[in-house]
Structure formats: C-alpha cells, structure tokens
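Asker: Listed below, chain by chain, are the residues.
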Amino acid sequence: MSYYLVQTLNALSFSVLLMLTGLGLSLVLSLMNFVNLTHGSFFLLGGYVAIHWIGAGAPWWLAFPAAFVIAGAVGLVLDRFPFGRFYPRTHLMQVLLTYGLSVIFADLMRWGFGADTMSLPTPELLRGVVFVAGLPFPIYRLFIIVSGGALALALWYAIDRTLWGAAIRACVIDRGIVETLGLNTRRIFTVGVVIAAGLGGLGGALGSGMLSAYPGLDEEVLLLALLVVVVGGLGSFGGTVLSALLLGFVTTFSRVWLPEFANFLSLGIMAAVLVIWPSGLVVRKMRPV
Amino acid sequence: MSTGLPAAPLLAKRRLGDKIALALVLVLALAPLISGDGFSLRFGAEILLIGTAVMSLNLLIGGGGLVSLGHAAVFGAAGYSAAVAAGSLGAQLPLMLLIGIAAGMLIAGIMGLVTLRSSGLFFLVLTLVVGQMVWELAFRWREVTGGADGLRGFPKLALGSLRLDTPLALYLVAAGIALIGWMVTRSFQQAPIGQALAGVRDQPIRMGALGYQVGRIRVTAFLVAGAVAGAAGAIYPFVNQYIGPNSVHWSMSAALIIMAVIGGVGSLYGGYLGALVYLFVQTEVSSYTDRWQLVIGLIFVATVILMPNGIAHWLGQRGVRGGRV
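From first to last, the protein sequence lines stand for chains A and B.
Take any residue in the first sequence, count from 1 to its spot, add 180: that is its number in this note's numbering.
Take any residue in the second sequence, count from 1 to its spot, add 645: that is its number in this note's numbering.
It is worth saying that the hints were derived from the structure and are not from the lab.
None of the values given here were measured: they were computed from a predicted structure.
All C-beta atoms in this analysis are idealised placements derived from N, C-alpha and C, irrespective of residue type, glycine included.
Honestly, I wouldn't trust all of these hints.
As the list claims (entries may be wrong) - Examples of chain A residues toward chain B, derived with CB under 7 Å:
1) L277
2) I284
3) D354
4) F444
5) P458
6) L461
7) V462
Working from the sequences, and respecting the hints, build out all of it.
Answerer: Structure, rendered in structure tokens:
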C-alpha cells in the first residue's frame, strides 16, 4: 500500500511538471492559435540553464527565475522573427516552421552543452529523502509538487482574476473586439509568447532535478505537452490541469505495471480519450456559426 | 481545415507547373539509368520509394486537407512487416508487396478510423500519437524488430529464381512501384470519390448535408494512401538491406510533409522533386559536416519562409509569365 502511495507522489510530481509545460503551450495555442513545437526546446534550455547556474555556484534559488528569464528572452526574439509573420498562417506552415526551429535548437544545444546526460546538482537543502509510510521519497520531488502547484495557482489567479488576464482571455475569444477597445493585441500576443516560453524554461529547470537534461528530452517533453494541451481541450485552464494529472498518473503507473511498453500503453490511453472526446475533455461551449 | 491551397485563378498555373514538374521528374528519373553506377541507382531507388510515400501523403494533405503527422508509421510499418516476413517466408517480390500493402492499409485504416471525428490540431496530434505508438512497438519489441538496432541480414529481394539485388534491378522495381502508385493515386483523385474528397476538404458540413458519407470518404482516402505508401515501404528495406526505427519516427513523418511542401502541396509529381531535393541535401551535407541536423532544420525554416507553395507551383508561375511575354 505504501508503495502505491510513493508512486502516487511520483505521478503527482510528474503531473506538476507536465502542467507547467502544458500551461505555457496552451497559452500560445489558444491565445494565438499558434502551434509552437519549439516548446520542448524551451524546456530543455531551462534545464541546462539551471544545471549550469547551480554548477557555477550562484545562489540555487535564483536558478529558476534565471531559467524563466532566459527562455522568455529566446521567446521574445522568436516572436519578433520569425513567429510574428506566421500567426495568421495555416497550422501546417506553423508546424513545419517550429519543427524546423526545434531541430535547429536541438542541434545547437547538443553542440553547446554536449551530448551527455546532465543532472541538477541539487542544493543541500533539497537533497535527501523523507520517509513516506516507511518508504523513501526524494525531498526534491516534494519541492516540485509544492512550488509547481503554487506557481500554477498564481498563474490561475493572474489569468482568471486580474485585468491583464481578462485582456488575454478576451483575445482568445475575439481579437477584433479587443482591438476596437483600444488594446494593442499584438503586444498582448508578445507577452503571451514570452510568458509561455518562460514557463517552459521554468518547467525544465524544475524538471532537471527529476528527469535530468539530455538531447532528445526536448522531443519527449514536447510530445507530452502537446498531448496535455490537446486532451485537456483548447483554451481551458481546468482542462489542462486535469489532463496533466491524467497523463502524469497514466505514464507513471504504466511504467510500474508494464515497464517495457509503458509509453505504448500511455499513448494508447490518451489516444482513446481523444477518440471518445474528439475536442478534448473540457470544451468551451460555442454558438455554431 | 485550410491547407493553404491556391484559389481558382491559380489552378491554371498549378496545372502548368505540374506538367513541367512531370517532365523534370521523368528526366531526373532517367539520369541514374544513363550514368548507371551503383550508388546513383541505389540512391535513385530510395528517392523513388520515399517520393511515392510523399505522393500518397499528398493525396491526404492536398486532396483531403488531412495533414497527417504519422505517415512515416504507415510507410515504415510496411517496411518492417516485409523485412520480418522475408526472414521466415523468403523475399519474393509479389509476397513482399502484398504484405507491405496490407500492413500499410492496416495502419492507415486505423489512423483513418481513429481520427474520424477529429479535425485541425486534434487530427494532427492524434495521427502523431498513433504513429508514435507504431514507433514504440518498433523500438521496444526487440525480439521481432531488433529494437534500436533495426533489422539486418534478411534475405535479398527475388522474383522466382531471378535475383533482384543489383542496384539496377532495385531501381527498376522502385520505378515500377512509383509508376503504378502514381497511376492509382491519380485515378483516385480524378474519380468521383476523389472529387468528393476535395469537397469534404473544403465544405465538410455541406457535403454531409448533400448525403455524402464524409467518414467513409476519409477512411477510403486513408486506405488508398496506405496501400500506395505500403507498396513503396515494402521494398524500401531491400534497397540498403536495412530498416531501423528512424523510418517510423515522427521526425520522418515531418520530413515526408516537408518533402511534399518542397515539391508543392497538391502536385503528385512534386513529391518526387521534394524527396530528391531533401534527400540530396541531407546526403551531401552529412558527408562533410556533423551538424547536418542543423541543416535539416534550416531546410524546414527556409522552405516555409521562402517557398511555401513549392517547386511545382513556382515552375508554373515562371511558365505563365514566360508565356505572356
């Protein structure tokens, strides 16, 4: 029984990582209808930044804001060129552009950071294990759950309860009307991309203590984040959280029960969810036009 | 879902571009035969087979607006099935084709059925997920597929007692498959069901209201594309006597799509031109630098920024301008 409790905590920490990454991707996807396949690269970049930051001896707790800022800066540059001119284009073109960019980033990161698996030099405070019902559980993962959960809560508050969030939500629903109210939606889009990229980087920084950082992680995370967003339903905060939890638990427990074909099983379950709910778990009710 | 297809006035240009592309493909297809050295024949066979897969994908993307990110799984699953079957049953050409076509139709049919109610981004991700499930099988099911190492050492292609393992024979087989595949795809596009598919692409709700069975049309398109890609995929392992999990991975699916875009979405010959350009650059660049993946990424970015309508369309534009002067 306690074994399953530990696995549940494992699943929860993985879900929180998926949630942070998925929320970033979801923001861009529902806000601008822009499919950003470089999101996995932001995640991996954040991981490398955190590892090198702590490895260089800088204060460890600043590593996470640093990952956010650096990934966000990359997002800002990309928003200027070439994302900006692709917002009105078809999904096919967006997919090809951002896929190409993600391949370029993957190669550049392999060049710059090396092809070896690197793990986060965990700070003294977060090292070691706690005993959950007699079984050891890494403190770092508890840190992921708590800080990631707090962050998601803050994000929810910002989007759901502040004027800034209201402007972003309004853009999702009807950009034209927001424009007539005198708001610069292009600038709101830029802010959205930067925050999304930053969240990706932050997720990667947190995740590097659990998943490590290695070439290829970007692609794995991208696939999972895409699934989280799509299964959750576009433009729905609650849906993204729900599907992150679902995917986190499905992945973790299929690894426990069927290690060899774990990914096959979890992909299959998520595909089945999409077959039953073709527009995701939470669908915004829209007037058919 | 729109795929950036041309409006009606562009169609004449598109047709002309298509004709020029056909001439270009024919000239290029003859080149390895004339030069006759083993490397270019083998490389030519690879281009023809992958080009056929791109053409079948073009049936889905250009004809039906169905952007599938899992088409490499269809192509690769046929290759794996053929290679595995060759190990126990022998590599007879008709048998290999039959198995490849069946495997291709099976995977494509599953994709078609699973995505029946999906559209847009959901369609894209769902095809990606199904494709990655095939990759997981190819990568993890070590006893059958060889896992990360892939499959080697299966028998060489033969027809009766005639051995088809020389570069020339492989090239001719590939050319035959490309030709028959092209005929099948073209006749499908021109048949009423192909026209109905275009209708489903542009106006799914109206087509439904007119009494067309939208789902059945989509699944049929998937099955035809799967059969063509499967036939090409069945021969693919025999070109280099090797098939690995990369041929099923979604990065290969993305490569197939970019080849379709390089050639020109909707142009059936364009797929061959796209495959030629992409594979040529990949082979050339990887021969003198380790950073070839960077170059692959640059090909994607440059294509969508500079030439989103593809070679076939570009040729057509040149042709029309030239004609007026």
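Asker: Compare the structure with each hint and give your call.
Answerer: Verification of the hints:
1. Against a cut-off of 7 Å between C-beta atoms, the interface hint on A/L277 holds, since the closest Cβ of chain B lies about 5 Å away.
2. At its closest, the beta carbon of A/I284 sits 3 Å from a beta carbon of chain B; the interface hint therefore holds under the 7 Å criterion.
3. Hint on A/D354 is violated. Least Cβ distance to chain B is approximately 19 Å, over the 7 Å limit.
4. Because the smallest distance between the Cβ of A/F444 and any Cβ of chain B comes to about 4 Å, under 7 Å, the interface hint for this residue holds.
5. Taken as an interface hint, A/P458 checks out: its beta carbon lies about 4 Å from the nearest beta carbon of chain B, inside 7 Å.
6. The criterion of a C-beta within 7 Å of any C-beta in chain B is not met by A/L461, whose closest approach is roughly 12 Å, and the hint is violated.
7. Checking A/V462 against chain B by beta carbon gives a least distance of about 14 Å; that is not within 7 Å, so the hint is violated.
Violated hints, in rising order: 3, 6, 7; the structure is consistent with all others.
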